[in-house]
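Asker: Chain by chain, the residues run as shown.
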Amino acid sequence: MISNLRELYQEMILDHGRCPRHFHTLPQANRQARGFNQLCGDSLTLYLQVEDQKISAISFKGSGCAISIASASLMSEILQGKTVSEAEALFQIFHQLLTREIPSPEKIEHLEKLAVFSGVRAYPVRVKCATLAWHTLLAALQQKNEIVSTED
Amino acid sequence: MYSFDLKKIRQDFPILQQQIKAKPLVYLDNAASTQKPKSVIERLQHFYRCEYSNIHRGIHTLSELATEAFEHSREKIQQFINAKYFSEIIFVRGTTEAINLVAQSYGLSQIKAGDEIIISHMEHHANIVPWQILSAQTGAVLKVIPINDAGELILEEYQRLLNVKTKLVAVCHISNTLGTINPIQKIIDYAHANSADTKVLIDGAQAVAHQKIDVQALDCDFYVFSGHKLFGPTGIGVLYGKQALLTAMPPYQAGGSMITEVSLEKSSYREPPYKFEAGTPHIAGAIGLAASIDYLNQLDFAALQAHEKALLNYATAQLQDIAGLRLIGTATEKAAILNFTLNDSRGVRIHGHDMSDVLNAEVGVAVRAGQHCTMPLMQRFNVDSTVRASLAFYNSKEDIDALISGLHTLKQLFN
Chain U
1 MISNLRELYQ EMILDHGRCP RHFHTLPQAN RQARGFNQLC GDSLTLYLQV EDQKISAISF
61 KGSGCAISIA SASLMSEILQ GKTVSEAEAL FQIFHQLLTR EIPSPEKIEH LEKLAVFSGV
121 RAYPVRVKCA TLAWHTLLAA LQQKNEIVST ED
Chain G
1 MYSFDLKKIR QDFPILQQQI KAKPLVYLDN AASTQKPKSV IERLQHFYRC EYSNIHRGIH
61 TLSELATEAF EHSREKIQQF INAKYFSEII FVRGTTEAIN LVAQSYGLSQ IKAGDEIIIS
121 HMEHHANIVP WQILSAQTGA VLKVIPINDA GELILEEYQR LLNVKTKLVA VCHISNTLGT
181 INPIQKIIDY AHANSADTKV LIDGAQAVAH QKIDVQALDC DFYVFSGHKL FGPTGIGVLY
241 GKQALLTAMP PYQAGGSMIT EVSLEKSSYR EPPYKFEAGT PHIAGAIGLA ASIDYLNQLD
301 FAALQAHEKA LLNYATAQLQ DIAGLRLIGT ATEKAAILNF TLNDSRGVRI HGHDMSDVLN
361 AEVGVAVRAG QHCTMPLMQR FNVDSTVRAS LAFYNSKEDI DALISGLHTL KQLFN
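Respectively, the protein sequence lines represent chains U and G. Last residue of the first sequence: number 152 in our numbering, and the count goes up by one each step with no gaps. Last residue of the second sequence: number 415 in our numbering, and the count goes up by one each step with no gaps.
You may find that some hints are simply not true.
Unchecked claim - Straight-line distance between alpha carbons at most 20 Å, and here's what the computed EDC-like set of lysine to aspartate or glutamate pairs gives:
| hint | chain 1 | residue 1 | chain 2 | residue 2 |
| --- | --- | --- | --- | --- |
| 1 | G | K411 | U | E7 |
| 2 | G | K21 | U | D15 |
| 3 | G | K411 | U | D15 |
Hints are computed from structural coordinates only; laboratory data are not their basis. None of these values were measured; they are calculated from a predicted model.
Please put together the full structure from these sequences, using the hints given.
Answerer: And the structure:
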């Protein structure tokens, strides 16, 4: 049984869960959004500096389970320097990886380290943990003011 | 030694026979809701199959049967908590609705600007928010009894808060998060000694399944609880209120069943309990709740309590042996609720959600993770998410062992 759980809690996820990267506020941020899952208490604030449709800086603060914090951490790593449309396309593939058929090898390649979240597929209740940061990202990009939740 | 047959008791609960993820279910989420004995499930089925009808209206056989069963349930509850009068038992949806009823009916009619309401730092949101709303409506002031690091009310501070402006004290009998059994007799006595106008509401949601309740001996003004935490159905709960208070209170909701006469200009209301039971109630729920009381009554309650106490002591000792585990709620007087956080070997706290998910997947253990509807309490202990294992009399030593084994796996996973 523990081997199945190891699929979910991969070493990289545990590492980013414990020591999240880009884990700070961002004074120069020109976009910001808050994500909050009330039932499990996952809460994060995402900061973005967007210039010419490009994410030039990204960071976050918050608290939550290993999956949600690692997802925010790895997302902030991969999105550094990406354009807004690249970020949106990545989320599409990431979401597909977690919830639908496994994406093609070319698509998976785009995900880079994010592929470690493939184990979440077997735990549908954790999809909301892995996607909270991404939904918060979309809200920040669209400059929406309401708090984002991935719980029903 | 206590004299009851755990194996037989477990067979009374069909859900405990099933497997979760190919492992026997280990249900340790009893503070959230309790499982139902066969007799309750069968009573509900019999009612719907053979006796079902609306109550208090038809003059046909079924309506008489249903009405009789419904009112008989009220009588059973009256005896169960030793209320003086039948009319002091109001059926509501649950603890939450009962507290809202008292806030909006008693509170709104009796509490004025500048009056004070006392709650405690360990209350469930259901015993905080209705009083915040009432305070906003009336201009009353909400005061909070602080707690110590063990999770016990500081009674001297409570006594200091009481004064001529105190109109209501609302505290829980047992904390859903900490397991603390509050000294409610003292709380009630101090309030009444303070002033005849200081009324006391006891939130008994976590207590009814674990303590004998005698509202006359306690002399509380209101006592509230839910059926589903007493091995009965969801959607049914009880408000006990002293008759004189209920008689003077205005209706909470208006509609059918609660009136004597209606014209298009004005209506007159029935006496309690019916004044507070507008519309068709949860008839089956009330009947199912009476069946759960019947079930409890045929067990040796002192033996159940001794069993729960023994399990609590065993679980506490086992948990304290795990490195990095912090128990939250270490009151001297404590019910079988274990709330904790766990650090990995590097001293980083493992989030409650990760813990509950691993426990569920690894050993089939159902626990609650999160903030337990007590956000102010979580802030008091500076934690954002904890795991809570809450026991009932049908739990066994093996259930605790499964929890402990799951926590060891968790530590291995988050090494």
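Asker: Each of the hints needs a verdict: does it hold here or not?
Answerer: Here is what the structure says about each hint:
1. G:K411 <-> U:E7: holds, 16 Å
2. G:K21 <-> U:D15: violated, 28 Å
3. G:K411 <-> U:D15: Holds. G:K411 to U:D15 sits at ~15 Å (cutoff 20 Å).
Figure legend: structure checked against the earlier numbered hints; the only hint not met is number 2.
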